[in-house]
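Use these hints to put chain B onto chain A, whose structure you have.
Below, each chain spelled out in residue letters.
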Amino acid sequence: MSRSPDDRELDLLLARDKAVGPAVDAMWEKVSATLPAPRRSRSWRLPVMVAAPALAAAAAVLIFVGGPPSGLQPKGPMVAALVDVVCSGGSRGACPSGSTLVFALGGTDRPTYLTAWAQAEGSDERIWYFGGSGEALRLEAREAVTPLSRAIALGPEHHPGTYLVHWTLADASPVSGSQAAPLAQGQVALTIVPR
Amino acid sequence: MSPFDQDPSLLGRFRLGERRALEVVFRAYVQDVTDTLRLGLVRNLGGSSFHATWVADLVQDTFARAFAPSGLRGFDGVRPYGAYLATVARNVLIDWLRKRRRDEDLAGQPWVFVEPGAEEGDAQPPWDDPAVMALVNEYVAGLEEPLRSVYQKRYVDGLAQEGTATALGLSRQQVRTIEERLRKGLAGALQAHTSDSTPPTRLQAAK
Numbered sequence: 001m002s003r004s005p006d007d008r009e010l011d012l013l014l015a016r017d018k019a020v021g022p023a024v025d026a027m028w029e030k031v032s033a034t035l036p037a038p039r040r041s042r043s044w045r046l047p048v049m050v051a052a053p054a055l056a057a058a059a060a061v062l063i064f065v066g067g068p069p070s071g072l073q074p075k076g077p078m079v080a081a082l083v084d085v086v087c088s089g090g091s092r093g094a095c096p097s098g099s100t101l102v103f104a105l106g107g108t109d110r111p112t113y114l115t116a117w118a119q120a121e122g123s124d125e126r127i128w129y130f131g132g133s134g135e136a137l138r139l140e141a142r143e144a145v146t147p148l149s150r151a152i153a154l155g156p157e158h159h160p161g162t163y164l165v166h167w168t169l170a171d172a173s174p175v176s177g178s179q180a181a182p183l184a185q186g187q188v189a190l191t192i193v194p195r
Numbered sequence: 001m002s003p004f005d006q007d008p009s010l011l012g013r014f015r016l017g018e019r020r021a022l023e024v025v026f027r028a029y030v031q032d033v034t035d036t037l038r039l040g041l042v043r044n045l046g047g048s049s050f051h052a053t054w055v056a057d058l059v060q061d062t063f064a065r066a067f068a069p070s071g072l073r074g075f076d077g078v079r080p081y082g083a084y085l086a087t088v089a090r091n092v093l094i095d096w097l098r099k100r101r102r103d104e105d106l107a108g109q110p111w112v113f114v115e116p117g118a119e120e121g122d123a124q125p126p127w128d129d130p131a132v133m134a135l136v137n138e139y140v141a142g143l144e145e146p147l148r149s150v151y152q153k154r155y156v157d158g159l160a161q162e163g164t165a166t167a168l169g170l171s172r173q174q175v176r177t178i179e180e181r182l183r184k185g186l187a188g189a190l191q192a193h194t195s196d197s198t199p200p201t202r203l204q205a206a207k
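Protein sequences, first through last, are from chains A and B. All letters in the first sequence, in the order written, are residues 1 to 195 by this note's numbering. All letters in the second sequence, in the order written, are residues 1 to 207 by this note's numbering.
Don't take every hint at face value.
[As the list claims (entries may be wrong)] Cβ pair distances, simulated, as ranges: (1) A:P194 x B:P146: 50 to 58 Å; (2) A:E135 x B:R148: 34 to 42 Å; (3) A:A94 x B:P146: 52 to 60 Å; (4) A:P156 x B:S70: 33 to 41 Å; (5) B:Q152 x A:E135: 45 to 53 Å; (6) B:R98 x A:A181: 57 to 65 Å; (7) A:E29 x B:S171: 18 to 26 Å; (8) B:Q152 x A:R110: 45 to 53 Å.
For the record, the hints were derived by calculation from the structure and aren't laboratory data. All residues carry an ideal CB built from backbone N, CA and C; glycine is no exception.
Bound conformation, chain A alone:
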């Protein structure tokens, strides 16, 4: 033999023709090391005008609540929330019926309550995802943008067409007859297509 094999080569030999075992674990670690670090909240705290083009490319919605619109008072430290909505079966521009909508949220520095609903173009009817007659979804503060554990199945109540998905983040869950002042809010377009 010309030389002794190293650990990696020995793992490949031991796995024979299968991609399993320590060699594959090592591959994943190397792949993982090339991936971008999870986004941190500091990066959200860029002025909107700077951040918006990049975020638009990532199909995300940024709401910067630091210099609040008139009527909203800052509540403690600034919040720069990023909410992303992904159609798991296609894209937001063409989301097949029966797909799943995944919400992701990050850039919050306090517990928040998420309310979200969809409204078909030209309709006043709301299809509630979080909140409405039920409780808003309470979320712990999270710097990195991470998907929520609850996803939305697009059932038969979602007819093909164009919708606006609205969301708000508040300090408290809205209770009947009142609306907590939102810390952040936004909307994204969603087009549902026949499966």
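Frame of chain A; chain B shown alone:
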């Protein structure tokens, strides 16, 4: 079945770049990508030989490219992900072969990339030199407990260290130690076979 079919929320999390979702997809497709690249190397290197580690490097490059933000955006979520990965693997292989030709100063010579897709009559290429693999098989057949069980769980069933430890009632450190013993044992078996003049991980690209 695609991992995206098994878990409806996976695609959304995957496209957001969630690390755990990426790992699930990596492990679901790593064998297919490995096979594609191995076959591609065999078909493009002709009678040359190559190291198994080259395949591993190309597999890593394929997933690193596919999981980069631009790669995740490039996947439309409609076509099968395996087909998308095969395209990325093909491009990675072409880049690697071109670089190799430049390094060998063969850039001026005509070259046609041979698609790695299997054709009728293509046999699966050997993972390594048959003589070396015979030694590996012999070594594995002679394993005793607890090496045999750890070998089965880790290198055949593909369980993670933690899963192996749980299944066998061992600690992770014990699993790591036994893996080290497996490697040392194989290295010793290969070393003992001094009459073999072929480097131990050199794969003959026989067609």
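Original post:
Is the distance from the Cβ of R98 (chain B) to the Cβ of A181 (chain A) consistent with 57 to 65 Å?
Top reply: Holds, at about 59 Å.
Subject >> P156 (chain A) versus S70 (chain B) beta-carbon gap, inside 33 to 41 Å or not >> reply: Given about 36 Å between the Cβ atoms, the range holds.
Original post:
Taking 52 to 60 Å as the hint, is the beta-carbon distance of A94 (chain A) and P146 (chain B) inside that range?
Top reply: Holds, at about 53 Å.
**OP:** Mind checking the hinted window 50 to 58 Å against the Cβ distance between P194 (chain A) and P146 (chain B)?
**Re:** holds, 56 Å
Original post:
Cβ-Cβ distance between E29 (chain A) and S171 (chain B): within 18 to 26 Å?
Top reply: The hinted range 18 to 26 Å holds for E29 (chain A) and S171 (chain B), with Cβ atoms some 21 Å apart.
**OP:** Please test the hint of 45 to 53 Å on the beta carbon pair from Q152 (chain B) and E135 (chain A).
**Re:** holds, 49 Å
Original post:
Measuring from beta carbon to beta carbon, are Q152 (chain B) and R110 (chain A) in 45 to 53 Å?
Top reply: holds, 50 Å
Original post:
Does the Cβ-Cβ separation between E135 (chain A) and R148 (chain B) fall within 34 to 42 Å?
Top reply: This hint is violated: roughly 54 Å between Cβ atoms.
In this structure, the one hint that does not hold is number 2.
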